[in-house]
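If you're matching them up, the sequences are chains A and B in order.
Going by my numbering, the first residue of the first sequence is number 1, and it counts up by one from there.
Going by my numbering, the first residue of the second sequence is number 1, and it counts up by one from there.
I should point out that these hints are in silico values taken from the structure, not numbers from a laboratory.
Since we're looking at a predicted model, the values are computed, not measured.
Honestly, I wouldn't trust all of these hints.
Heads up, simulated EDC-like pairs for lysine to aspartate or glutamate below, C-alpha to C-alpha not over 16 Å straight-line [to be verified]: (1) A:Lys237 <-> A:Asp251; (2) A:Lys78 <-> A:Asp98; (3) A:Lys183 <-> B:Glu186; (4) A:Lys153 <-> A:Asp271; (5) A:Lys132 <-> B:Glu186; (6) A:Lys289 <-> A:Asp271; (7) A:Lys134 <-> A:Asp156; (8) B:Lys78 <-> A:Glu112; (9) A:Lys183 <-> B:Glu111; (10) A:Lys132 <-> B:Glu189; (11) A:Lys134 <-> B:Glu189; (12) A:Lys134 <-> B:Asp9.
Letter by letter, the chains look like this.
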Amino acid sequence: MRVRTLAVALLAGGLALTACGKEGTPGGSTPAPTQQVATDVKVDGSETFKKIQSRGKVVIGVKEDQPGLGYKDPTSGKYSGFDVEIAKLIAAKLGYGDDKIEYKAIASAGREQALINGDVDYYVGTYTINDKRKQQVGFAGPYFTAGQDLLVKKADNSITGPETLKGKKVCSVTGSTPIQKVKNEGLTEASNIVELQNYSQCVQQLDQGAVDAVTTDDAILKGYAAQEPEKFKVVGKPFSKEPYGVGLAKDDKALRDKINDILEAAISGGDWEKIYAATLGKSGSPATKPVLERY
Amino acid sequence: MDVLLDNLDLYGPGFLNTIELFLIAAAGSLVLGTILAMLRVSPVPIFRAAGTLYVTVVRNTPLTLVFFFFAFAFPLLKIVDASDFGGSAARYYFTFAVISLTLYTSAFVCEVVRSGINTVPVGQAEASRALGLTFGQMLGSVVLPQATRAVVPPMVSTMIALLKNTTIAAGFSVFQAGSISLNLSERGENQLVGLLWVALFFVILVIPMTLLQRSLEKRWSIAR
């Protein structure tokens with residue numbers, strides 16, 4: 001008898017656990033365009049490209065926890081998102097199809113080191129170009145211009161921009177640039193700042209009503225809004241400029257120029273818009289095309 | 001040196017919060033741990049079972065998991081409301097960090113105290129009962145004072161572990177020493193140097209505890 005009670009209890013517990021899973025994954029309805037794989041590509045004088053050729057495949061650093069940008073489906077292990085599509089596009093134009101790409105998930109803090117060590121050939125993952133980073137790595141692009149923005153609940157009309165945050169609880173990742181900005185500029189009271197381990201946790205707290213807004217780059221927020229458009233919205237008043245670039249080894253100018261050419265062609269040729277529409281565009285907010293900054 | 005001086009706004013408040021978190025959680029876990037140890041040696045079976053159950057379930061459950069529970073699952077139970085904390089998110093998370101650390105550490109404190117109780121010969125307890133002392137009097141005036149003497153080194157180790165465990169709160173909205181390196185990496189500072197400073201300050205915090213251990217051991221030492 002006791003055994004049966006236990007079995008029932010376990011079964012009920014198991015059912016409750018499985019019911020918690022989130023349904024639906026980003027991507028789906030309008031698939032991103034597949035790229036023609038280029039042949040006989042030459043990048044003279046690029047150490048990295050030589051390495052790619054001898055290896056026979058390309059190793060790309062991406063994010064794995066940002067829906068709409070760089071996201072790894074935990075069940076299928078497939079990567080999707082805007083950054084991933086850009087990475088694929090670059091690989092295709094370098095002569096490497098989907099089957100010859102190896103993704104490596106690398107979090108923000110480890111990016112410079114991975115590029116310096118040569119663990120990845122290039123990195124595409126919400127990587128803001130700035131002068132301090134240029135001392136350690138190289139950047140192609142920008143391929144996207146993001147800005148710090150706010151994610152709020154769909155029904156919330158009280159938050160319309162950074163100046164309306166006073167008295168509201170704001171969440172972001174511990175020590176991240178956006179939350180340091182909120183602190184330093186006193187956008188909300190110190191007691192209202194919530195710092196968690198990643199953005200997904202912040203979004204969950206927003207869903208539960210424990211915080212009123214999540215702040216970081218609008219591209220990341222759009223990813224969450226695209227995932228659950230009936231729940232969240234992006235305020236749409238960016239209050240900083242974050243040009244995203246493709247991270248490269250510092251001195252590989254040949255590959256940098258090549259990737260800049262690829263990005264330029266994609267931006268003017270219409271591929272860029274198609275990729276945006278298939279990923280971040282699902283959040284409903286329009287995008288402005290970036291302007292390349294070659295150096 | 002530059003990393004430290006340029007970011008004093010991180011190091012100063014960071015370590016103050018670490019110390020505050022540590023002192024409150026240390027006091028809490030010493031009290032709760034001792035109570036649990038008393039339960040585990042009590043003559044009442046249900047008390048013993050309660051103490052044993054607590055230690056069995058809680059001891060060495062990953063601390064991150066305990067934090068996770070209080071930050072994400074506990075609010076869903078709607079036992080307390082955010083408004084109970086004056087609407088302050090900072091105070092809310094600080095309180096739960098203290099509770100998590102206290103619950104986690106008290107299981108260790110309990111076992112340390114109990115091992116101390118076990119070093120006191122049974123004859124002492126029997127003698128005090130023969131003199132007519134109650135269980136509480138026996139424990140409080142005869143057994144625990146002797147037990148405390150035996151457990152100074154492991155107790156200090158447990159407290160040092162608690163001090164360093166406080167850094168886990170960085171991921172759960174409590175700004176302290178563990179948050180410093182995360183802030184530094186976004187400021188573009190040299191993280192390695194920044195972390196070395198954090199490590200140095202932790203050593204400085206541990207030294208007084210080691211000295212306390214030594215002086216207590218000396219003062220309470222007896223010839224056996």
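Here is how each hint holds up against the structure:
{"no.": "1", "hint": "A:Lys237 <-> A:Asp251", "verdict": "violated (36 Å)"}
{"no.": "2", "hint": "A:Lys78 <-> A:Asp98", "verdict": "holds (11 Å)"}
{"no.": "3", "hint": "A:Lys183 <-> B:Glu186", "verdict": "holds (14 Å)"}
{"no.": "4", "hint": "A:Lys153 <-> A:Asp271", "verdict": "violated (32 Å)"}
{"no.": "5", "hint": "A:Lys132 <-> B:Glu186", "verdict": "holds (11 Å)"}
{"no.": "6", "hint": "A:Lys289 <-> A:Asp271", "verdict": "holds (12 Å)"}
{"no.": "7", "hint": "A:Lys134 <-> A:Asp156", "verdict": "violated (39 Å)"}
{"no.": "8", "hint": "B:Lys78 <-> A:Glu112", "verdict": "violated (43 Å)"}
{"no.": "9", "hint": "A:Lys183 <-> B:Glu111", "verdict": "violated (43 Å)"}
{"no.": "10", "hint": "A:Lys132 <-> B:Glu189", "verdict": "holds (9 Å)"}
{"no.": "11", "hint": "A:Lys134 <-> B:Glu189", "verdict": "holds (14 Å)"}
{"no.": "12", "hint": "A:Lys134 <-> B:Asp9", "verdict": "violated (26 Å)"}
Checked against the numbered hints above, the structure violates hints 1, 4, 7, 8, 9, 12; every other hint is satisfied.
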